[in-house]
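Going down the list, the protein sequences come from chains A and B. Position one of the first sequence corresponds to residue 1 (the UniProt record's numbering), numbered consecutively onward. Position one of the second sequence corresponds to residue 1 (the UniProt record's numbering), numbered consecutively onward.
Simulated from the structure, these hints should not be mistaken for laboratory data. Hints are not guaranteed to be accurate.
Derived lysine-lysine pairs resembling BS3-like cross-links, with alpha carbons at most 27 Å apart [stated by the list, open to error]: (1) B:Lys419 <-> B:Lys521; (2) A:Lys118 <-> A:Lys192; (3) B:Lys423 <-> B:Lys521; (4) B:Lys215 <-> A:Lys46; (5) B:Lys521 <-> B:Lys426; (6) A:Lys62 <-> B:Lys215; (7) A:Lys192 <-> A:Lys46; (8) B:Lys522 <-> B:Lys426; (9) B:Lys522 <-> B:Lys423; (10) A:Lys83 <-> B:Lys215; (11) B:Lys522 <-> B:Lys419; (12) A:Lys192 <-> B:Lys215; (13) B:Lys423 <-> B:Lys51; (14) A:Lys46 <-> A:Lys62; (15) B:Lys51 <-> B:Lys426; (16) A:Lys3 <-> B:Lys522; (17) A:Lys3 <-> B:Lys215; (18) A:Lys118 <-> A:Lys104; (19) A:Lys118 <-> A:Lys3; (20) B:Lys426 <-> A:Lys3; (21) A:Lys62 <-> A:Lys118.
Everything numeric in this text was worked out from a predicted model, so none of it was measured.
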Amino acid sequence: MLKQLLPSTLLTLLLTVLLGLGYPLAMTGLAGTLFPNQAHGSLIEKNGAVVGSALIGQGFTKPEYFHPRPSATTDADPNDPTKTVSAPYNAANSGASNAAPTSKSYIESTQALVDQVKAENPDARVPLPVDLITASGSGLDPHISPAAAEYQLPRIARARGISENELRALVTANTEGRVFGILGEAAVNVLKLNLALDRRGSAAR
Amino acid sequence: MNAAGILQIVVFFAVVTAGAIPLGAYMARVYSGERTWLDPVFKPVERLIYKICCVRADQEQHWTVYAFSCLMFSVIGLVVMYAVMRLQALLPLNPAGQAAVAPDLAFNTAVSFTTNTNWQAYGGESTMAYLTQMLGMTVKNFTSAATGMAILVALVRGFARRQAKTVGNFYVDAVRSILYILLPMAVVVTLALVWQGMPQNFDAYTEATTLEGAKQVIAQGPVASQVAIKQLGSNGGGFFNVNSAHPFENPTAITNLIEMVALIFIAAGLVFSFGHMVGDRRQGRALYLAMAIMLAVGIGIAYWQEAGGNPQIQAMGVDVIATDMAPGGNMEGKEVRFGIANSTIWAAATTAASNGSVNSMHDSYTPIGGMVPLVNIMLGEVIFGGVGSGLHGMIVFVIVAVFIAGLMVGRTPEYLGKKMEAKEVKLAILCILIFPLSILGFGAAAMVLPAGLAGMSAAGPHGLSEVLYAYSSATGNNGSAFAGLSANTLWYNSTLGIAMLIGRFLIIVPTLAIAGSLAAKKIVPPSSGTFPTHGGLFIGLLIAVIVVIGGLTFFPVLALGPIVEHLMLGVGTLF
Numbered sequence: 001m002l003k004q005l006l007p008s009t010l011l012t013l014l015l016t017v018l019l020g021l022g023y024p025l026a027m028t029g030l031a032g033t034l035f036p037n038q039a040h041g042s043l044i045e046k047n048g049a050v051v052g053s054a055l056i057g058q059g060f061t062k063p064e065y066f067h068p069r070p071s072a073t074t075d076a077d078p079n080d081p082t083k084t085v086s087a088p089y090n091a092a093n094s095g096a097s098n099a100a101p102t103s104k105s106y107i108e109s110t111q112a113l114v115d116q117v118k119a120e121n122p123d124a125r126v127p128l129p130v131d132l133i134t135a136s137g138s139g140l141d142p143h144i145s146p147a148a149a150e151y152q153l154p155r156i157a158r159a160r161g162i163s164e165n166e167l168r169a170l171v172t173a174n175t176e177g178r179v180f181g182i183l184g185e186a187a188v189n190v191l192k193l194n195l196a197l198d199r200r201g202s203a204a205r
Numbered sequence: 001m002n003a004a005g006i007l008q009i010v011v012f013f014a015v016v017t018a019g020a021i022p023l024g025a026y027m028a029r030v031y032s033g034e035r036t037w038l039d040p041v042f043k044p045v046e047r048l049i050y051k052i053c054c055v056r057a058d059q060e061q062h063w064t065v066y067a068f069s070c071l072m073f074s075v076i077g078l079v080v081m082y083a084v085m086r087l088q089a090l091l092p093l094n095p096a097g098q099a100a101v102a103p104d105l106a107f108n109t110a111v112s113f114t115t116n117t118n119w120q121a122y123g124g125e126s127t128m129a130y131l132t133q134m135l136g137m138t139v140k141n142f143t144s145a146a147t148g149m150a151i152l153v154a155l156v157r158g159f160a161r162r163q164a165k166t167v168g169n170f171y172v173d174a175v176r177s178i179l180y181i182l183l184p185m186a187v188v189v190t191l192a193l194v195w196q197g198m199p200q201n202f203d204a205y206t207e208a209t210t211l212e213g214a215k216q217v218i219a220q221g222p223v224a225s226q227v228a229i230k231q232l233g234s235n236g237g238g239f240f241n242v243n244s245a246h247p248f249e250n251p252t253a254i255t256n257l258i259e260m261v262a263l264i265f266i267a268a269g270l271v272f273s274f275g276h277m278v279g280d281r282r283q284g285r286a287l288y289l290a291m292a293i294m295l296a297v298g299i300g301i302a303y304w305q306e307a308g309g310n311p312q313i314q315a316m317g318v319d320v321i322a323t324d325m326a327p328g329g330n331m332e333g334k335e336v337r338f339g340i341a342n343s344t345i346w347a348a349a350t351t352a353a354s355n356g357s358v359n360s361m362h363d364s365y366t367p368i369g370g371m372v373p374l375v376n377i378m379l380g381e382v383i384f385g386g387v388g389s390g391l392h393g394m395i396v397f398v399i400v401a402v403f404i405a406g407l408m409v410g411r412t413p414e415y416l417g418k419k420m421e422a423k424e425v426k427l428a429i430l431c432i433l434i435f436p437l438s439i440l441g442f443g444a445a446a447m448v449l450p451a452g453l454a455g456m457s458a459a460g461p462h463g464l465s466e467v468l469y470a471y472s473s474a475t476g477n478n479g480s481a482f483a484g485l486s487a488n489t490l491w492y493n494s495t496l497g498i499a500m501l502i503g504r505f506l507i508i509v510p511t512l513a514i515a516g517s518l519a520a521k522k523i524v525p526p527s528s529g530t531f532p533t534h535g536g537l538f539i540g541l542l543i544a545v546i547v548v549i550g551g552l553t554f555f556p557v558l559a560l561g562p563i564v565e566h567l568m569l570g571v572g573t574l575f
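Chain A on its own, in the form it takes in the complex (with noise of 0.2 Å):
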């Protein structure tokens, strides 16, 4: 077995540099040169300041955004770092609720969120989406469902005294439908949807 020693220890140092360090750092020069952009994150920048990435979900509370989907994101707790704490679309640290279905406290706590979702959303003509009110897998999902943003249409139209008409028009343009017409499901990014509500209304001012 010890004979097995030396071509083990030397292969295994080797294929560490080669694999470890040649790879990684070959494929983040080309990388970064054919595709920049998406190398960095796909960041998107404001008037000069990193304002998200397109692909990374942030929480919306204000009721003249589209909301996102409920996140189960968690941080350390500030005063107890062995504890940690609710923390909604944080992106460095990805996590979902993970429930069980049959839990009392997620069914009961999904119950609460229902009746928050339909109480901030009086004048919803279509039925609330599911997707609406479950936690995503990463805690940052940057879509939810066209039937989602539907749902969320008057309350909007309503705090930015839009049309829900030209409204319809924005969800559509910044709809991703499925790949082809059939991989994936249509998705609104979350993100990408606000900026564009924000432009229009600066452009209205």
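With chain A's structure known, arrange chain B on it following the hints.
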């Protein structure tokens, strides 16, 4: 369920099959030492590696030497990775200032990546430095995959050779797996993923100010290069805590398809390579069909259950019907861009293929939807399985299947012209028994010890499912989780680490023993009494053997976990 979802399932199978056939032929050439189109680039590199590492590439090894080489290579890799994690605070490329990893977590993680499990008791972006992800995770993703592929090739040589003393050279098989198969594919996949939006940088975490004025810190890193190989090598260990549910680790429907295909691609291709290498392509096709049928059934059940949604939430007046405007179903722990169909294809494929990466959270699946990934692992990680390890596990079941067929007609069983005698059958049964022994043994201990019970996040039968899933995932070297379990504790880090070692090496050694024993045998020409192993009857028998062994072993505990939970959910009993 709707037509759009079913179409995506069909597309997935079509792409995998269409790619796996030529890939299988190519890999057979690589392992037979034949010339390939990559030779002009990699042949000189390969020679240089052997020279630097004192590998006698022309010397073939007896199965015991092959096994020793494999063990030694794994142990040293494990030690290096453990050291990198413990020392990361002192090493460069650590812009987020991650501290040294705790000893029990470092042990668990080093074992996890060495055994191709990639169980993650840590959150990547909050625990590991960039350099650790590269020197530790990325390297192990290559080497553990190459180890599995090498073991398989040795076993296949056992069938293909006659009256031979050796089964190949471990180092050559591992190096060729990396240079000619894993590395070129990883380069192509990395670039495709970055094109679609996956980060690949060494930037510090970005600080953004959101539209509503809050501060958002966005984790970055060399993500794509690691994700490409974690999918291809059936590793599954994510760069980020939530793995491929993270929009940086799986930004679009295109990356989702690439990653889903990649996680099963090499395992599927190796089945066809097997046919080439034993000189009868029908044999590879038969095993492929058996695997594909079992995978399709699993996807179907999971999709059907998840598309139905959670009846408790539907009762709140929430719309769970899938349309072109909404994914519907049970969306807890799932991403909108993937919806139900892509989440369930992934869940079934990643557990069948022993990959263990996830794009949705299995813990929040409906009881029966979540039972599909659990059962896939419990059946032995042989439905495609890990690269190499899946097919050598499947061949073990084949040996049992032909043994049972032989008992029925009273003939000495044979497979591919090799007589299966008491020795091979005993070793095969040993491989099969180690599996439930580890899962049920550790699971039972966790269910009675306070340290085990403390980790469960769910009450009632779902808590049992969480623990059962953890030990199945570790022993099966899968790595996915019912992630509500608090697994970063001394108890779970150590017992799961041991389960991973058992599930890898206590199966590799008897498998290589079978390889050595078979290689020494003569090949008997088929006669009229030979049971054909390429037709529908054999495929049916093989599936039946796998399901019956899995069922007899695990049905009682499944009845106490997901099955009773399903019945309780139906009548509205919550925990």
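A quick look at each hint next to the structure:
| no. | hint | result |
| --- | --- | --- |
| 1 | B:Lys419 <-> B:Lys521 | holds (8 Å) |
| 2 | A:Lys118 <-> A:Lys192 | holds (24 Å) |
| 3 | B:Lys423 <-> B:Lys521 | holds (12 Å) |
| 4 | B:Lys215 <-> A:Lys46 | holds (15 Å) |
| 5 | B:Lys521 <-> B:Lys426 | holds (17 Å) |
| 6 | A:Lys62 <-> B:Lys215 | holds (16 Å) |
| 7 | A:Lys192 <-> A:Lys46 | holds (12 Å) |
| 8 | B:Lys522 <-> B:Lys426 | holds (20 Å) |
| 9 | B:Lys522 <-> B:Lys423 | holds (15 Å) |
| 10 | A:Lys83 <-> B:Lys215 | holds (21 Å) |
| 11 | B:Lys522 <-> B:Lys419 | holds (8 Å) |
| 12 | A:Lys192 <-> B:Lys215 | holds (18 Å) |
| 13 | B:Lys423 <-> B:Lys51 | violated (38 Å) |
| 14 | A:Lys46 <-> A:Lys62 | holds (19 Å) |
| 15 | B:Lys51 <-> B:Lys426 | violated (40 Å) |
| 16 | A:Lys3 <-> B:Lys522 | violated (31 Å) |
| 17 | A:Lys3 <-> B:Lys215 | violated (57 Å) |
| 18 | A:Lys118 <-> A:Lys104 | holds (21 Å) |
| 19 | A:Lys118 <-> A:Lys3 | violated (71 Å) |
| 20 | B:Lys426 <-> A:Lys3 | violated (30 Å) |
| 21 | A:Lys62 <-> A:Lys118 | holds (15 Å) |
Checked against the numbered hints above, the structure breaks hints 13, 15, 16, 17, 19, 20 and satisfies the rest.
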